[in-house]
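> Sequence:
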Amino acid sequence: MNWTEVSVKTASEAVEAVSSILMELGAAGIQIEDANENLNYERADETVYIDWDELNLPKVGAVVSGYFDEDDFDPAILPQIKAKVVQLGEFGLDYLPGDVIVKDIDNQKWATAWKKYYHPVRVTRNLTVVPSWLDYQPAQSDEKLIVLDPGMAFGTGTHPTTRLMLEALTIVVRGGERVLDVGTGSGVLSIAAKHLGVGPITATDIDDIAVAKAQENLALNPVAKDIDVHVSDLLKDVAEENVDLIVANILAEVIHPLIPQAWDKLRLGGYFLTSGIIKDKFTEIRDAQIAAGFKIEQILQIGDWYGIIAYKPNPDDVNEFTAQG
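Note that the numbering used here has the sequence shown beginning at 13, numbered continuously upward.
There are no misleading hints in this set.
Derived lysine-lysine pairs resembling DSS-like cross-links, with alpha carbons at most 30 Å apart:
1. 291 <-> 94
2. 293 <-> 248
3. 21 <-> 115
4. 293 <-> 21
5. 21 <-> 291
6. 248 <-> 94
7. 291 <-> 248
8. 96 <-> 293
9. 307 <-> 293
10. 21 <-> 94
11. 115 <-> 94
12. 94 <-> 293
13. 248 <-> 237
14. 115 <-> 96
15. 248 <-> 96
16. 248 <-> 307
Hints were generated in silico from the structure; no laboratory data involved.
Could you build all of it, start to finish, from the sequences and the hints given here?
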């Protein structure tokens with residue numbers, strides 16, 4: 013089997029969004045070459061070493077490459093990719109230069125070369141993301157592994173928006189919560205939440221392809237075996253109500269319509285965790301949550317990215333989880 017490589021030259025802050033675009037349009041795998049990768053990376057233990065010069069990363073910005081089965085590749089999607097990348101500018105993301113480059117690549121090269129860009133990454137004090145092909149042993153007794161195949165899905169834990177949400181989860185989770193994971197992507201947040209001790213999780217994504225890829229990653233993690241994943245436009249097709257926790261690591265423009273849906277689905281005292289919010293959109297999203305009735309408990313930040321920990325207040329404005337903690 014041969015592959016068609018479609019690469020997008022973009023800014024570091026648009027990496028996850030561009031990855032999502034390529035996956036939604038049928039990419040079987042993603043390779044990310046990001047000038048900021050060494051800034052985001054944290055060694056899981058002293059045995060893990062990356063030679064950044066050998067990786068030959070861009071000096072500035074990033075290149076996100078999607079790999080399509082050559083036999084099924086339709087060049088008609090190229091204008092769609094370009095249009096969707098340009099549209100990221102309307103969402104407040106720097107996508108430039110936004111060039112789309114196409115070339116053929118043989119299976120042998122793709123099957124091995126892209127794996128060098130992935131490595132075990134400590135994303136919180138006791139959560140480590142591990143590529144599925146590595147035999148990694150926990151360095152400490154309370155270290156939990158999130159096993160992912162990053163060749164099949166984006167959101168591998170190294171991007172600041174994912175790190176913000178994982179940190180928010182460690183702050184909020186007390187154990188046993190009923191959770192909705194909106195726009196689950198690789199499933200990394202659902203897997204992490206299970207490791208932290210939550211109860212039932214329903215995860216959603218926008219189409220069958222995204223859901224199938226999330227299910228493949230969930231299957232690599234025994235702790236996630238009972239997570240329900242299905243197609244839904246945000247929470248429109250989700251039956252659960254009065255849940256304890258809703259998490260969403262998605263673009264700010266997508267968070268807007270999610271806010272009233274989250275309010276309706278949460279119980280009093282329930283938490284609403286959002287990430288994927290670029291600096292220029294932070295005030296807008298924060299104010300929209302407040303206007304909907306949410307109380308902001310904590311703001312998290314990595315560089316130009318923000319995460320918000322909010323909750324649906326009780327009539328007497330007592331946060332039940334905080335009272336328990």
